[in-house]
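2 protein chains.
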Amino acid sequence: MYKIDELISLVNKQVESAEYPSAPSGLYEPVSYMLTLGGKRIRPVLMLMAYNMYKDNVMDIMPQALGLETYHNFTLLHDDLMDKSDLRRGSATVHKKWNDNTAILSGDAMLVLAFKHFGVNKAFDDFVKATLGVCEGQQYDMEFETRNDVTEAEYMEMIRLKTSLLLGYALKIGAVLAGASDEDASHLYDFGEKMGLAFQLQDDILDVYGDPKLFKKKLGADIVDNKKTYLLINALQLANPKQKAELMKWIEMPEFDSDEKVAAVTSLYNNIGIPELARKKVEELFAESLCSLDAVSVPEDKKAEFRNFANMLHGRKY
Amino acid sequence: MYKIDELISLVNKQVESAEYPSAPSGLYEPVSYMLTLGGKRIRPVLMLMAYNMYKDNVMDIMPQALGLETYHNFTLLHDDLMDKSDLRRGSATVHKKWNDNTAILSGDAMLVLAFKHFGVNKAFDDFVKATLGVCEGQQYDMEFETRNDVTEAEYMEMIRLKTSLLLGYALKIGAVLAGASDEDASHLYDFGEKMGLAFQLQDDILDVYGDPKLFKKKLGADIVDNKKTYLLINALQLANPKQKAELMKWIEMPEFDSDEKVAAVTSLYNNIGIPELARKKVEELFAESLCSLDAVSVPEDKKAEFRNFANMLHGRKY
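Going down the list, the protein sequences come from chains A and B.
So in the working numbering, spot 180 of the first sequence is number 186, and the numbers just go up one at a time.
So in the working numbering, spot 283 of the second sequence is number 289, and the numbers just go up one at a time.
Hint data in this document are derived by calculation from the structure and do not stem from the laboratory.
Computed from a predicted model, the values in this text were never measured in an experiment.
Do not rely on the hints blindly, as some may be mistaken.
Since the list gives no way to pick one copy over another, a pair counts as held whenever it fits inside one copy or between any two copies.
BS3-like cross-link-like pairs, simulated, lysine-lysine; straight-line CA separation at most 30 Å [said to hold, decoys possible]:
hint : residue 1 : residue 2
1    : Lys309    : Lys323
2    : Lys61     : Lys46
3    : Lys122    : Lys135
4    : Lys122    : Lys61
5    : Lys19     : Lys46
6    : Lys267    : Lys219
7    : Lys323    : Lys219
8    : Lys122    : Lys46
9    : Lys308    : Lys222
10   : Lys90     : Lys103
11   : Lys287    : Lys46
12   : Lys224    : Lys61
13   : Lys103    : Lys309
14   : Lys267    : Lys248
15   : Lys287    : Lys224
16   : Lys233    : Lys287
17   : Lys103    : Lys233
18   : Lys224    : Lys250
19   : Lys223    : Lys61
20   : Lys102    : Lys233
Given only the sequences and the hints, what does the whole structure look like? Please build it.
Right under this line is the structure:
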């Protein structure tokens with residue numbers, strides 16, 4: 007069994023040695039730039055881990071792992087353009103370093119390259135479902151920006167599509183390619199999807215309640231931006247009329263002191279009982295996720311790296 | 007053997023009956039809108055014609071035909087955004103009817119749908135080569151906009167990638183799916199590619215020398231826009247110093263009377279001998295294209311619809 011760190015190295019090596027046509031460089035340089043900005047390579051690593059539960063030769067599915075990572079980075083490239091973000095992993099985004107049309111077209115080429123790397127195999131339909139689902143998630147995410155009546159169920163479905171689906175399919179595809187049973191592939195999918203949901207909710211919580219000494223960004227950025235997080239959506243649904251009016255006042259205020267807004271909204275969250283609610287949901291999701299892992303019919307020692315991974319995510323404070 | 011018109015109907019029926027998920031409608035409505043704006047369905051029809059040379063059951067490859075047409079319309083959707091075009095086939099383009107982000111994301115979903123429809127089969131690698139090549143062609147096209155030293159060879163390579171490649175692969179994929187020999191598949195590819203090049207050069211010629219009574223657009227639009235056509239590129243390369251200075255004066259003029267510019271540049275083209283040069287090239291390409299069709303090892307009666315198609319293109323005046 008490979009350790010997670012070993013798999014990360016293997017994926018990084020694969021990404022760095024990927025060759026692109028030399029021309030037109032204006033098309034392929036942004037692809038290579040995007041793929042070598044770093045990142046935790048979680049999706050291909052999960053795919054290799056799932057495969058490695060059943061088979062030793064993880065190198066056999068490196069093209070598929072590269073396809074998945076290429077697809078993920080394609081979504082980041084186009085999302086950065088749609089969100090008009092300037093920075094990605096501390097470097098200029100493609101549309102800032104080059105221009106909008108380059109971001110569109112190099113992203114398109116990257117999506118084709120993802121299918122090229124992934125190739126023809128028995129997990130093709132799963133790959134299509136994953137890649138289409140992520141587009142659906144991004145669409146809901148954009149639609150939610152202009153709505154104040156998003157429900158918790160709608161929000162969970164959006165983050166499921168936008169983030170968790172690809173984690174679930176990473177595991178499922180690894181299992182399918184290794185010839186695992188349908189039941190195992192399905193349990194691994196559920197493990198990944200639930201863990202992904204828990205991870206995303208943790209993100210929402212840490213933005214407000216993270217340890218300011220450890221958190222990479224300034225706390226409360228989501229509050230400043232009125233981002234429809236699990237916290238804000240539930241606060242809007244659960245607030246009493248007075249709290250709701252106060253919350254809407256801050257959401258609709260055109261100009262404000264950021265620290266003041268963060269303090270006021272955090273205090274509202276606290277009074278409504280949002281942190282407890284969100285933490286309870288995260289624990290539920292982690293528990294469900296581990297249940298699905300338990301159900302996978304391989305010896306316990308084959309699951310060791312998955313448990314390490316889950317524990318690492320569960321315990322994160324930033 | 008199916009007639010071209012019968013195949014167009016079959017493709018239109020397939021496109022119109024294609025079903026998309028009902029939600030998110032903001033993602034899938036633009037896809038369906040784009041695919042039902044009309045169009046000549048040339049690529050899927052060529053694919054079906056090539057298949058029909060060897061096999062009768064053209065319905066068997068309808069998913070692949072739909073995949074190809076979906077891919078083609080995806081390129082139009084993103085190209086319209088990159089070119090900031092307002093109209094496509096007389097209707098509002100997707101980014102005008104909705105917005106830029108919708109055009110980006112619905113286009114992305116459309117590219118995934120193209121792969122989904124195309125599916126897993128022995129022509130998958132050809133489909134990848136075609137779809138990646140078109141991105142490369144679009145990249146060169148954008149780069150040429152800001153250059154005045156584009157050579158004829160560079161231009162031919164750009165239109166080969168951007169337009170002809172997909173026509174060639176449409177035919178090749180049809181042949182491959184029908185189990186044709188590698189030689190036949192390759193000859194059909196060449197037939198499509200050469201015919202595509204001839205068609206594109208005809209477009210360049212008709213923009214200036216088309217019959218004003220029959221031509222759909224106002225003549226000379228490419229001249230007004232300084233578009234790097236086969237005519238302009240050769241004029242810049244072949245002009246004597248005085249002609250070149252005159253041509254550059256019109257290219258660089260910030261404000262001008264359109265009719266005056268069109269008349270002046272057309273007169274320069276005539277003096278440099280551009281229309282003869284371009285028409286000679288078109289004839290050469292048509293001849294080469296028909297040579298490749300001759301080389302395909304099927305009885306002559308199976309090629310009848312291809313000859314009709316080629317004659318129709320050859321004789322077009324608008």
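Against the structure, the hints:
1. In this homomeric assembly, Lys309 and Lys323 come within 30 Å of each other (Cα to Cα) only inside a single copy, at 24 Å, whereas the closest approach across copies is 70 Å.
2. For a Cα distance limit of 30 Å, the shortest separation of Lys61 from Lys46 inside one copy, 23 Å, qualifies, whereas the shortest one across copies, 50 Å, does not.
3. In this homomeric assembly, Lys122 and Lys135 come within 30 Å of each other (Cα to Cα) both inside a single copy, at 16 Å, and across copies, at 9 Å.
4. Taking the closest pair of Cα atoms, Lys122 and Lys61 come within 30 Å of each other both inside a single copy (24 Å) and across two copies (28 Å).
5. When the C-alpha separation of Lys19 and Lys46 is checked against a cutoff of 30 Å, the pair qualifies only within one copy, where the shortest distance is 13 Å, while the shortest distance between copies is 46 Å.
6. Proximity of Lys267 to Lys219 under the C-alpha cut-off of 30 Å is restricted to the intra-copy arrangement: shortest distance 20 Å within a copy versus 66 Å between copies.
7. Taking the shortest Cα distances, Lys323 and Lys219 sit within 30 Å of each other inside one copy (10 Å), while across copies they are farther apart (73 Å).
8. Taking identical chains as interchangeable, the C-alpha atoms of Lys122 and Lys46 lie at most 30 Å apart whether they share a chain (22 Å) or sit on different chains (28 Å).
9. In this assembly of identical chains, the alpha carbons of Lys308 and Lys222 never lie at most 30 Å apart, being 33 Å within a copy and 68 Å across copies at closest.
10. Taking the closest pair of Cα atoms, Lys90 and Lys103 come within 30 Å of each other both inside a single copy (12 Å) and across two copies (21 Å).
11. For the homomeric pair Lys287 and Lys46, the shortest alpha-carbon distance inside one copy (25 Å) is at most 30 Å, but the shortest distance between copies (53 Å) is not.
12. Proximity of Lys224 and Lys61 under a CA criterion of 30 Å is satisfied in neither setting, with 43 Å inside one chain copy and 65 Å between copies.
13. Taking the closest pair of Cα atoms, Lys103 and Lys309 never come within 30 Å of each other, the shortest separation being 42 Å inside a single copy and 51 Å across copies.
14. Proximity of Lys267 and Lys248 under a CA criterion of 30 Å is satisfied intra-copy only: 17 Å inside one chain copy versus 68 Å between copies.
15. Proximity of Lys287 to Lys224 under the C-alpha cut-off of 30 Å is restricted to the intra-copy arrangement: shortest distance 24 Å within a copy versus 63 Å between copies.
16. In the homo-oligomer, the alpha carbons of Lys233 and Lys287 lie at most 30 Å apart inside one protomer (19 Å), although the nearest pairing across protomers, at 59 Å, exceeds that limit.
17. Both within a single protomer and between protomers do Lys103 and Lys233 lie at most 30 Å apart by alpha-carbon distance, with minima of 26 Å and 27 Å respectively.
18. With identical chains, the CA atoms of Lys224 and Lys250 are at most 30 Å apart within one copy only, with a shortest distance of 25 Å there and 59 Å across copies.
19. When the C-alpha separation of Lys223 and Lys61 is checked against a cutoff of 30 Å, the pair qualifies neither within a copy, at 40 Å, nor between copies, at 62 Å.
20. When the C-alpha separation of Lys102 and Lys233 is checked against a cutoff of 30 Å, the pair qualifies both within a copy, at 23 Å, and between copies, at 27 Å.
Hints 9, 12, 13, 19 from the earlier list are contradicted by this structure; the remaining hints agree with it.
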